[in-house]
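Undergrad: Listed here are the chains, written in short residue letters.
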Amino acid sequence: MQPQVRSAPEVEWARRLLAGDASAFTPFVESFQQRIFQYTWLMCGHREDAEEVSQDTLLKVFESFDKLQDPEKVKAWVFRIAKNYCLMKRRKSVFAPERELSLDELLPSSGGEARPIQVPDDAELPDEQVLRSELSGELERALRELPEIYRSAVLLRDVEGLSTAEAAEVLDVNEDTVKQRLHRGRLALRKSLAGYLEVAK
Amino acid sequence: MTHRHSHRDPACLEVFARLSEFIDGELPALDCGEIEAHMADCPPCIDFLNSLKKCVAVSKDFRSAADCPPMPPEMEEKLRAAWTAALARRG
Chain Y
1 MQPQVRSAPE VEWARRLLAG DASAFTPFVE SFQQRIFQYT WLMCGHREDA EEVSQDTLLK
61 VFESFDKLQD PEKVKAWVFR IAKNYCLMKR RKSVFAPERE LSLDELLPSS GGEARPIQVP
121 DDAELPDEQV LRSELSGELE RALRELPEIY RSAVLLRDVE GLSTAEAAEV LDVNEDTVKQ
181 RLHRGRLALR KSLAGYLEVA K
Chain H
202 MTHRHSHRDP ACLEVFARLS EFIDGELPAL DCGEIEAHMA DCPPCIDFLN SLKKCVAVSK
262 DFRSAADCPP MPPEMEEKLR AAWTAALARR G
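Residue numbers (our numbering), protein chains in the order written: chain Y, 1 to 201; chain H, 202 to 292.
Hints are computed from structural coordinates only; laboratory data are not their basis. Each hint should be verified, as a subset may be incorrect.
[To be verified] Heads up, incomplete: computed chain Y residues facing chain H, CB under 7 Å, no partners named:
| # | residue |
| --- | --- |
| 1 | 31 |
| 2 | 33 |
| 3 | 58 |
[Unchecked claim] Only pairs whose alpha carbons sit at most 25 Å apart, straight line, appear in this in silico BS3-like list of lysine-lysine:
| # | chain 1 | residue 1 | chain 2 | residue 2 |
| --- | --- | --- | --- | --- |
| 4 | H | 279 | Y | 73 |
| 5 | H | 261 | Y | 179 |
| 6 | Y | 60 | Y | 73 |
[To be verified] Every beta carbon over 10 Å from chain H, so not counted as near; a handful from chain Y, in silico:
| # | residue |
| --- | --- |
| 7 | 6 |
| 8 | 169 |
| 9 | 198 |
Note that the Cβ used here is the ideal one computed from N, Cα and C, for glycine as well.
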């Protein structure tokens, strides 16, 4: 075998599973179980649905493992299955209503935009770890407020690290649509996190 | 011209629309050059770019506070059996 660029761990596990290597089973399952759970949890907002979707997805993945042609594409393949289960499960109107975000409403307003976080003058600045975990909580809230088409783009591209092409495959849209949704989603998140982003270094 | 932080300037708007692709390295070199040239002379756009980059970095690090419960052993057995069957089918 010729030396090559190191693949993502899940690609490596998929390759080993295709070759019958049982030692790749647990890391593969654990990694995807948590990631699908998180994706579904943020897309549908029901814990029990998220648990079920991650199990159903993994079952479907293993049942059709012989159909995985290219291990490099395992992430997009798994998330596409997860997305479809997610759609089947989804109950209506859990989080943000469906609507288009216009670029115009995402522009920074001239009169200062952030609701700044409250740090009393004489207080020490919050330490980085506290700020990080607070920021992560705020991000979760902000993600939920995003209309679904933008939320799924941000989750797949930024949180899960899929490429534009992979996200397009999962979402059944073209790459330009992914880029446009991702951009608006990021802008909306930036806007709602602006106060935190200024303090965080 | 005084550059106010309104981002209503057409040149800023043009940059604004392409910032994600710029951050992701998905723009042709020519477009990157245009954006960089604009940025060199527009501190508000630099601030905006930095806050957007920070926001993307936070998303990349994100992990929900909700944890997936461990998989029941019988489910794991089912998955292993499905995997074995799929490989056997492939031969």
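Undergrad: Would you mind marking each hint as holding or not holding in the structure?
TA: Outcome of the hint check:
Because the closest C-beta pair between residue 31 of chain Y and chain H is about 11 Å apart, greater than 7 Å, the hint is violated. A hinted interface residue such as residue 33 of chain Y counts as satisfied when its beta carbon comes closer than 7 Å to some beta carbon of chain H; here the least separation is about 6 Å, so the hint holds. The beta carbon of residue 58 of chain Y is positioned within 7 Å of a beta carbon in chain H (closest approach about 6 Å), and the interface hint is therefore held. About 24 Å separates the Cα atoms of residue 279 of chain H and residue 73 of chain Y, which keeps this hinted pair within 25 Å; it holds.
Restraint check for residue 261 of chain H and residue 179 of chain Y: satisfied, since their Cα atoms lie roughly 16 Å apart, inside the 25 Å limit. Proposed proximity of residue 60 of chain Y and residue 73 of chain Y is supported: the alpha carbons are some 16 Å apart, at most 25 Å. With a closest Cβ-Cβ approach of about 19 Å to chain H, residue 6 of chain Y is found to remain outside the 10 Å limit, as its non-interface label requires. Distance to chain H confirms residue 169 of chain Y as a non-interface residue, since its nearest Cβ pair spans about 17 Å, more than 10 Å.
The non-interface label for residue 198 of chain Y is inconsistent with chain H: the shortest C-beta to C-beta separation is roughly 7 Å, within 10 Å.
In summary, the structure is inconsistent with hints 1, 9 from the numbered list given earlier, while agreeing with the others.
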